[in-house]
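*Asks:* Each chain, written out:
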Amino acid sequence: MEELAAEVVVNGYALIGYGAAAIGPGVGIGIIVGNAVQAMARQPEAAGMVRTTMFLGIAFTEAIALIGFVLFFLV
Amino acid sequence: MIVAAESCDIEGGIVCTPSNVNELFVFKPIFYIGETGISRTHFLILFAAFLVVVFLFAGLRKKSVVPSKIQSVVESLVTLVREDIAMSVIGKGGEAYVPYLLSIFMFILVGNLFEVAPLINFPITSRIAIPLLLSLITYVLFLVAGIRKQGKEYFTHLIWPPGLPVALKPLVGLIEFASTLIVRPVSLAVRLFANLVAGHLMLSLLLVSGYFFIYQNGVWPVPGKIPIGVAWYVFGLAIYGFEIVVSVLQAYIFTLLSAVYIQTSLHPEH
Chain A
1 MEELAAEVVV
11 NGYALIGYGA
21 AAIGPGVGIG
31 IIVGNAVQAM
41 ARQPEAAGMV
51 RTTMFLGIAF
61 TEAIALIGFV
71 LFFLV
Chain B
1 MIVAAESCDI
11 EGGIVCTPSN
21 VNELFVFKPI
31 FYIGETGISR
41 THFLILFAAF
51 LVVVFLFAGL
61 RKKSVVPSKI
71 QSVVESLVTL
81 VREDIAMSVI
91 GKGGEAYVPY
101 LLSIFMFILV
111 GNLFEVAPLI
121 NFPITSRIAI
131 PLLLSLITYV
141 LFLVAGIRKQ
151 GKEYFTHLIW
161 PPGLPVALKP
171 LVGLIEFAST
181 LIVRPVSLAV
191 RLFANLVAGH
201 LMLSLLLVSG
211 YFFIYQNGVW
221 PVPGKIPIGV
231 AWYVFGLAIY
241 GFEIVVSVLQ
251 AYIFTLLSAV
261 YIQTSLHPEH
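Protein sequence lines, in the order shown, are assigned to chains A and B. Under the numbering used here, the final residue of the first sequence carries the number 75; numbering is consecutive throughout. Under the numbering used here, the final residue of the second sequence carries the number 270; numbering is consecutive throughout.
Mixed in with the good hints there might be a few duds.
[As the list claims (entries may be wrong)] Sample of chain A residues facing chain B (criterion: CB under 8 Å; computed from the structure):
1. 18
2. 56
3. 57
4. 59
5. 62
6. 66
7. 70
8. 72
9. 74
[As the list claims (entries may be wrong)] A few chain B residues that don't get close to chain A, going by computed Cβ distances all over 12 Å:
10. 22
11. 194
12. 249
[Unchecked claim] Distance windows between CB atoms, simulated:
13. B:55 <-> A:38: 33 to 43 Å
14. B:95 <-> A:71: 16 to 26 Å
15. A:64 <-> B:53: 31 to 41 Å
16. B:179 <-> A:26: 15 to 25 Å
Note that these hints are calculated values from the structure, not bench results. Glycine included, C-beta positions come from ideal geometry on N, C-alpha and C.
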């Protein structure tokens with residue numbers, strides 16, 4: 001019974017940790033996509049290249065959020 | 001998981017503790033070869049490889065000028081990998097990498113789509129083995145490409161980019177070393193792995209919770225729980241659609257990043 005309580009507490013802290021870690025990449029991805037949309041609006045001919053670079057940027061910032069997600073399950 | 005829930009004793013205890021989340025990912029072995037157990041996962045991996053080979057073979061067998069339906073689908077996939085990923089990212093010398101990039105793109109795509117395939121709802125990329133192996137192959141590939149292109153000074157140019165002020169060398173060296181030689185393969189594997197694990201976990205929990213709330217084991221059914229069950233189930237279906245997008249996107253991103261890493265080895269001046 002005590003073990004269960006301790007496990008729940010640790011899981012609670014891990015969840016708060018993950019939540020705090022997801023703020024950064026969330027803002028980051030928003031900035032990337034916002035700038036990509038602006039770039040595509042300014043010069044529609046470059047839309048393909050902008051889209052590719054946007055996906056790359058999203059992949060890099062999302063990696064940080066996913067490391068947090070995996071660590072949540074490790075704890 | 002539904003079997004485990006049905007064995008939960010509702011009248012005995014108030015709380016039925018759910019079993020470990022491992023149960024969703026680790027399956028019981030069907031038979032043993034020596035010490036290793038062969039389970040459903042192994043068969044699914046072989047099945048995915050078989051599907052990729054059959055699909056590409058069927059599409060490219062008769063190269064008629066006016067393409068049939070399968071041929072045009074396969075042609076569009078190959079064109080996507082060749083033009084948008086290999087040629088436009090790697091540029092010159094990208095031709096040599098198209099077979100590898102096509103293979104990993106198709107394999108990861110089929111493996112991811114197993115998550116949303118009706119009878120197979122288990123993505124083979126949700127166990128760390130496949131993403132880790134493919135990421136390590138990409139790692140070796142871009143290191144070897146860099147060494148062949150630039151010789152021995154590949155590593156010194158990697159860690160200390162030419163034109164760097166001498167005073168910054170230690171700090172930038174450490175950062176570049178960690179960023180290129182450690183973070184790249186690990187993040188490539190973990191990105192694919194964690195996306196698929198999250199998707200599988202969400203789908204399993206949402207859909208099974210919806211089912212469980214609606215049926216409630218038939219013992220003491222509480223009608224008030226049924227709307228909750230329906231809500232969970234509908235949300236699960238929405239995530240199902242999202243999972244299809246995530247599967248294709250993650251396959252595309254893995255292949256794109258592999259191409260980008262190869263490009264930075266082949267053309268370091270960018």
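*Asks:* Work down the list of hints and note, for each, if the structure agrees.
*Replies:* Against the structure, the hints:
1. 18: Not OK, violated: residue 18 of chain A not within 8 Å of chain B, min 11 Å.
2. 56: holds, 6 Å
3. 57: Not OK, violated: residue 57 of chain A not within 8 Å of chain B, min 11 Å.
4. 59: holds, 5 Å
5. 62: At 7 Å from the nearest chain B Cβ, residue 62 of chain A passes the 8 Å test, so the hint holds.
6. 66: Because about 4 Å separates residue 66 of chain A from the closest Cβ in chain B, which is inside the 8 Å limit, the hint holds.
7. 70: Since the shortest Cβ distance to chain B is 5 Å, the answer is holds.
8. 72: violated, 10 Å
9. 74: Since the shortest Cβ distance to chain B is 11 Å, the answer is violated.
10. 22: violated, 10 Å
11. 194: Incorrect as stated: the minimum Cβ-Cβ distance to chain A is 4 Å, not above 12 Å.
12. 249: At about 8 Å from chain A, residue 249 of chain B fails to clear the 12 Å cut-off, so the statement is violated.
13. B:55 <-> A:38: 33 to 43 Å: holds, 39 Å
14. B:95 <-> A:71: 16 to 26 Å: violated, 40 Å
15. A:64 <-> B:53: 31 to 41 Å: Taking Cβ atoms as reference, residue 64 of chain A and residue 53 of chain B lie about 36 Å apart, which means the hint holds.
16. B:179 <-> A:26: 15 to 25 Å: Holds: the Cβ-Cβ distance is about 22 Å, inside 15 to 25 Å.
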